[in-house]
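Whole structure, please, built from the sequences with the hints as guidance.
Just so we're aligned: 126 in our numbering is position 126 of the sequence shown, and the numbers increase by one with no gaps anywhere.
It should be emphasised that the hints constitute simulated quantities derived from the structure, not laboratory data.
A portion of the hints provided could be inaccurate.
What follows is a list of derived Cβ distance ranges for each label pair [what the hints assert, rightly or not]: (1) D114 with D209: 34 to 44 Å; (2) K151 with D209: 47 to 57 Å; (3) Q103 with S199: 24 to 34 Å; (4) S200 with D114: 45 to 55 Å; (5) P101 with P46: 45 to 55 Å; (6) S200 with P101: 41 to 51 Å; (7) D137 with D92: 30 to 40 Å; (8) Q105 with P184: 31 to 41 Å.
Okay, derived cross-link-like pairs now, DSSO-like style, lysine-lysine, Cα gap no bigger than 27 Å in a straight line [unchecked claim]: (9) K83 with K190; (10) K45 with K190; (11) K139 with K45.
Since the model is a prediction, treat every value here as computed from it, not as a measurement.
Glycine included, every Cβ here is placed at the ideal spot set by N, Cα and C.
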Amino acid sequence: MTPPHLRCLSATCFSWSPPSSFSFSLLLRKFAMSVKQRTSYAEGKPALRGVVFDMDGTLTVPVIDFAAMYRAVLGDEGYTAAKFGSPGGSVDILHHIETWPPQEQQRAYEIIADFERQGLDRLQIMPGAAELCGYIDSKQMRRGLITRNVKAAVDLFHRRFGVTCGKQAGAFTCLLDENGRYGPIESLSKDLQPDFQVSSLSEVQSLLDINFVLLPHPQTTL
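Shown next, in the form of structure tokens:
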């Protein structure tokens, strides 16, 4: 399966100011942590001004049965064809349905939204996420989250835990691979290889300390 850690971000993801009601800035997609690169500093480390997270499977424990959702949208035969017709068996459901007629797209979006809403009651924060976000906050750095999940899930995530593609945006990337699902990063194609790989979020703090100069976000006054 192709890890989706290089799909989502734009280079402008740190140019906006989040609403004051966000105790944690919004922004990452599964298995990814992207960090915005700046000029190198005296220690020879690149400077870091922010960290962008995926939501499902990175900051939250996966609870959605994606295979069941894909079957509900595509049908059994359609799902099988899409799975075996994609590199590594990965299925990007939103990309798959974007050429469908409007009525079929609407039906598909409603099914996807229904599956995501069903997962709201089971939403759990990933072990180590609160501590890592607290550490980033202590450095006065920007944090963000990017997801294609329904807004209700994002809002619930913020309410419960207070808590935006990688290389194409000039960012460093880190693959969160808890179960060794993707194997060594060297086994991935060159354009999909992350800069770092961790098995838990608890490893990221030391990774940031060792490899980067962490810069606080400039504060503005009203």
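Consistency of the hints with the structure:
| no. | hint | verdict |
| --- | --- | --- |
| 1 | D114 with D209: 34 to 44 Å | 42 Å, holds |
| 2 | K151 with D209: 47 to 57 Å | 34 Å, violated |
| 3 | Q103 with S199: 24 to 34 Å | 44 Å, violated |
| 4 | S200 with D114: 45 to 55 Å | 31 Å, violated |
| 5 | P101 with P46: 45 to 55 Å | 47 Å, holds |
| 6 | S200 with P101: 41 to 51 Å | 44 Å, holds |
| 7 | D137 with D92: 30 to 40 Å | 32 Å, holds |
| 8 | Q105 with P184: 31 to 41 Å | 38 Å, holds |
| 9 | K83 with K190 | 22 Å, holds |
| 10 | K45 with K190 | 23 Å, holds |
| 11 | K139 with K45 | 16 Å, holds |
In this structure, the earlier hints numbered 2, 3, 4 are contradicted, and the remaining ones agree with it.
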